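**Q** The residues making up each chain are set out below.
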Amino acid sequence: MKQYIMKRILLTIPLLICISFVCFVFINLIPSDPAEVALRVRQVPVITDEAIAEVREELGLDKPYLVRYAGWVADCLRGDFGISYTNPSRTVAGELARCLPATLQLAGTSLILVILLSLPIGFLCAVYRNSWFDKIIRMLVFMTTAMPAYWIGLLLMWLVAIKLDLLPTSGSGTFSHLILPAVTVSFTYISTYIRLIRNNMLENMKQDYVLYANVRGIPQKKILIGHILRNSLHTCFVAIGMSIPQLIAGTIVVENVFAWPGLGTLCITSIFNRDYPVIQTYVLLIGVLFVVFNLIFDILQTVADPRLRKEAS
Amino acid sequence: MFKRFLHNKTAVITTALILAIAVLGILAPWIAPNDPYENDIINKFAAFSLEYPLGTDHLGRCVLSRMLFGIRPTLGLAALTMIGTIGLGALMGLLAGHFGGIVDEVIMRVVDVMLSFPSQIMVFAVVALLGIDVRNVILANVFIKWAWYARMIRTGVVQYRDRNFVLFSRCVGMPEHFILFRHLLPSIAADLAVLSSLDIGWAIINISTLSFLGLGVQAPIPEWGAMLNEAKNVLTTNPVQMLTPGIAIVAVVTAFNLLGDALRDVLDPKETQV
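In the order they appear, the protein sequences are chains W and C. No gaps in the numbering here: position 41 of the first sequence is 41 in the working numbering, and each next residue is one more. No gaps in the numbering here: position 270 of the second sequence is 270 in the working numbering, and each next residue is one more.
For reference, chain W alone in the conformation it holds in the complex:
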């Protein structure tokens, strides 16, 4: 078991190197010269060729590519992601730290909503399959997959915030600001997980152990909750866990609709302002989160599931 976990952790290292290298190449592909940009950031009035050469040396831009990459990774590990192009008084790390709590709050609330809603609905759909309830839910699920998230946001904003005047349309601060964006973010994920749980439970119902439990005369309720649901929860737990970074990244559009001051708004503003270090760090952050969450839930799954444990060792 220990061996498997070690192997799994070691395997992520090349992946992390690849991701960081892509992010590093990303900023080196931009059309402008970093030395010139650095001079502009420092508000040097006249940019001469000598000044550029000097800065080039100072920033280490004259060194070979791989040496610069190593230096950049070392800086990143220390938490130094450089300085924002548009606002030289701010560091990228500071900007991200400023916006991260709002996004985490939004993503966290959405995650709770997803779990609270999709689990019982998916369960009921599987238990009463092909009933009117199941059919209506399946139709709704099919419809929501065709709806762009921003349009759902606009509809909710109009209906709840403007027509009924129950909640504020945009901004952040209080709990009432959080409800609409969180519902919007969770909308698409809820439909995905309802389908996942429903199909997974139906799949489990066909298994031999259910037949055996029926033969033994165990009450239906106990089979459903004690056997089928328990087995389905394993898969769903892992799937939901692995989608947490996706949830964090998925707030990007919704944040812009509701003017939520999180990472998504920061990212879009940075794209418009060509603030490359911020975008680079954001991509790096989300990429690393993806790898880390995949790793954690992969290991947890193996630890929790005796069948996989046997395979691993």
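I should point out that these hints are in silico values taken from the structure, not numbers from a laboratory. Computed from a predicted structure; not experimentally measured. None of the hints are false.
Facing chain C, from chain W, some residues (calculated, C-beta under 10 Å):
no. : residue
1   : Thr145
2   : Gln280
3   : Asn294
Here are the simulated lysine to any residue pairs, SDA-like style, with alpha carbons at most 20 Å apart:
no. : chain 1 : residue 1 : chain 2 : residue 2
4   : C       : Lys232    : W       : Leu167
5   : C       : Lys232    : W       : Ala259
6   : W       : Lys222    : W       : Tyr212
Beta carbons: idealized from backbone N, C-alpha and C, even for Gly.
Please build the complex by placing chain C on the supplied structure of chain W, with the hints as guidance.
**A** Structure of chain C alone, referenced to chain W:
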């Protein structure tokens, strides 16, 4: 197979709907009641009327005409994205699956890295890097999506590579490109058709999302996502503005999703035996 396609009601209806929309888009300059760019500020937010069947927007432009012209970028860009994605994905997948060895190893490792990145973030990153432009949106979408197709096609090719008809073909001295394009590609075409019709809905949503954020199709060009962006600004006073483009997007994407499901039923060989 074509007969079974005609027998599947969903497939026929959705195909007809999609073709009808495409034809409307192509014929837009001739059938649109008004010029989609013509401002008429006095007539802004006009109600439904004979002159403006779907009313006018915040600049007094005819909404129906803009919707009709909007079909062109919406469907056209999505189609271009899919052509690019399938082309690149098929090429990489065929190369990896057919040649195996080091080629396979290199391509599949690249695919692994591509798939470990969250797709939405990559689109934003590529658009940020290349600058805000429609062409870059397509490039970004192709860039992040080809890996899925490459992996799927490779799996298909590996599955068929050692079948007897391929071995026979090679035995009688058929050239490699003949085996690739006459044997392997048709074998996986069915899977490809299902996946791509499901994915084109994804592409439409993705492109319209970028346009909505102002990163894709730029104003004043009529595009459904960009129209929703304009509608957002007048949400409080004229909420009707956001209904037409939104419903249109949902309708087209639903049609493609239904078509994908129907194609799966039509093309699934398991169903044939029943």
